[in-house]
Amino acid sequence: MSGEDTIFVAGHRGLVGSGIVRRLHKAGCPHILTRTSSELDLRDQGAVRHFFAEQRPRRVVLAAARVGGIQANNTFPAEFLRDNLLIQTNVIDAAYATGTEKLLFLASSCCYPRLCPQPMKEGYLLSGPLEPTNEGYALAKVAGIKMCALYQRQYGFRAIAAMPTNVYGPGDNFHPAYSHVIPAMLRRFHEAKCAGTDMVSIWGTGNARREFLHVDDLADALVFLMENYEEEEHINVGFGTDVSIRELAELIARVVGYEGKICFDVTKPDGMPQKLLDVSRMAGLGWKPAIGLAEGLIATYAWFLEQKEILRVDAAATRT
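Start counting the sequence shown at 1; every next residue gets the next number (our numbering).
One or more hints might be untrue.
Below, simulated BS3-like cross-link-like pairs (lysine-lysine); rule was C-alpha separation at most 30 Å, straight line [what the hints assert, rightly or not]:
| hint | residue 1 | residue 2 |
| --- | --- | --- |
| 1 | K146 | K261 |
| 2 | K261 | K193 |
| 3 | K26 | K268 |
| 4 | K102 | K121 |
| 5 | K268 | K121 |
| 6 | K288 | K121 |
| 7 | K146 | K102 |
| 8 | K146 | K288 |
| 9 | K193 | K288 |
| 10 | K268 | K288 |
| 11 | K102 | K288 |
| 12 | K261 | K308 |
| 13 | K308 | K193 |
| 14 | K26 | K288 |
In case anyone wonders, no lab produced these hints; they're calculated from the structure.
Could you build all of it, start to finish, from the sequences and the hints given here?
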């Protein structure tokens, strides 16, 4: 990134957005523009247009989205569809209309069909039905991918889309009901360890396979793409290997130090049977991840414990 760039990171307080901001600071980018949701509601078309007309960022990373795990997606599909359509439509169109030089849109690997051939190539998009448990979110993200492609085709707007795999790391959401699989398991095993619980139940059969990418690797990849990628077609960003949910649970239990039994609730859905991205195009550009899963989980658990300690200290200070 050039030091003269002004880059707007939409969603800077989320998992991916905060990782991007850290990466940009590391690269020496002094002009990072951010807004909280209370300062700028990206669902409000008028507010977004006014912001872009006033600030005119040269580059935009659109990492803002309504996100959640399988339970949240399955419970609130209409909200996931509506809010994400509004956010991405408003930002992409306002960026184009006010002369933004380049925009990067963050999609999601759940956009691929439920029974997609593995590993999933970019060309498999829209080749079959979506996974029903996250259909609303996935449909919105597909629309965002296509909006970038068609704005590039019709208007020559340099809008690109990256398709990341499952992301985890510092800044993740550890909400007990609405978090993704890694933070949900880390919290559940931690609480079971602290409580002395002899069993932890995990949704599904444990056979579903998932690929995971540390947020710092993703942030590095996105900065790389802003400098090195211009194509209309979206591009996959992943680690290149996957693990079963059973293997993930066993690894997280070891990281946390939980020694009880792990059970799988087969009455609950697995979601897509497998999600592994074909990352050959990204590798061909010269980028690859650097943080292994075990290393990343150890660091993420340490961050979680640090946040809990901060909250504990703050609560004690409030009581006094």
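Consistency of the hints with the structure:
1. K146 x K261: The given pair, whose Cα atoms are some 45 Å apart, is violated under the 30 Å limit.
2. K261 x K193: Within the cut-off at roughly 11 Å; holds.
3. K26 x K268: violated (42 Å)
4. K102 x K121: Roughly 24 Å separates the two Cα atoms, so the pair holds.
5. K268 x K121: holds (28 Å)
6. K288 x K121: Between K288 and K121 the Cα gap is close to 17 Å, so the pair holds against 30 Å.
7. K146 x K102: OK: K146 and K102 at ~16 Å, within 30 Å.
8. K146 x K288: holds (26 Å)
9. K193 x K288: violated (35 Å)
10. K268 x K288: violated (35 Å)
11. K102 x K288: Since the Cα atoms of K102 and K288 sit roughly 23 Å apart, the hinted pair holds (cutoff 30 Å).
12. K261 x K308: The given pair, whose Cα atoms are some 25 Å apart, holds under the 30 Å limit.
13. K308 x K193: holds (15 Å)
14. K26 x K288: The hint holds at about 18 Å.
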